[in-house]
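Those sequence lines, one after another, are chains A and B. Offset between the first sequence (1-based) and the numbering used here: plus 139. Offset between the second sequence (1-based) and the numbering used here: plus 85.
A few of these clues could be false.
Simulated pairs of lysine-lysine, BS3-like, Cα-Cα distance not exceeding 30 Å [claimed, not checked]:
# : chain 1 : residue 1 : chain 2 : residue 2
1 : A       : LYS285    : B       : LYS214
2 : B       : LYS214    : B       : LYS110
3 : B       : LYS163    : A       : LYS150
4 : B       : LYS214    : B       : LYS163
5 : B       : LYS110    : A       : LYS285
6 : B       : LYS163    : B       : LYS110
7 : B       : LYS110    : A       : LYS150
Keep in mind the hints are simulated off the structure, nothing from the lab.
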Amino acid sequence: MSGDHTNQDPKLLRRLLRAKDRMDAASHEQWPVRRLARVSGVSAAHFARSFRQAFGVSPHRYLLTRRLERATALLRDTDRSITEIAFQTGWRSLGTFGRTFRDVTGETPGAIRARERPAAYGLGRVPACFLSAAHRPHLTIAVSEKRRQGAGGINGSEAMEVP
Amino acid sequence: MSQSVEVVGLYVRDQDEALAFYVEKLGFRVHTDVRNGDYRWLTVQHPDQPSFQLGLFRPGPPVLDAATAQTLQAIVAKGAMPPLVLVVDDCRAAYDRMRARGVEFTQEPVDRYGTVDAGFRDPSGNGWKMIEPRR
């Protein structure tokens, strides 16, 4: 989907990786392109395109997947309320969190919580950091696109949002 | 004698840079450093694990063609190589020590039900988890 990957200079890739690492370390923070570009030492104009070419996903979408991954882990592993988890993982509105969560994963945060908890049993031998990466949601299309696809199809019926 | 894994190699972008990183910043020791023309066999060793060597290899000629080497360099620089795990007695102390030496940490120490882990990268992009196991 995105050109010739091997054409990018490894030195540039290493700096782009630094921006990705920073999002990983603090996905709850706001990461406008300008801030990410500064981490990588490239111009804001080049950053988004270079990042997408390197990692196959835009920086914004990458951040969303990390936030959803973290929210899923918190839903599974803690008793914190869904509201608390939404704000803790970087969303500024509960509505956006619930909608994005459902559009990407196909389930509500509450449903994930109910389903994931029993399944977590027995995974104790895998280091938690790797385990959490294995549960990272795939997001290869835009959330809005995913939303459109879902609206016509199977799970377009209920639009309940957890308050 | 027991049978075991003796050498596992990493790809690095620059062997001198990698050597300085693993020896000066992480406290490994050089095990073997032998050159033959362009080729350099370089392994380091954890001081507490004399039976194992970590190879620091630069992908390139004469073993690999330039295009393949470039692809591998890119993969390493994107952080796409498999996970590496360093086990330590005290993750927070190791974090403070390594950070003071300029190691690029990607994750501060996090407590997970009795284990503590942090993440760092070598200059090439290889990602390590540093884990303090549960006692």
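Worksheet entry | Hints the structure fails to honour | 1, 5
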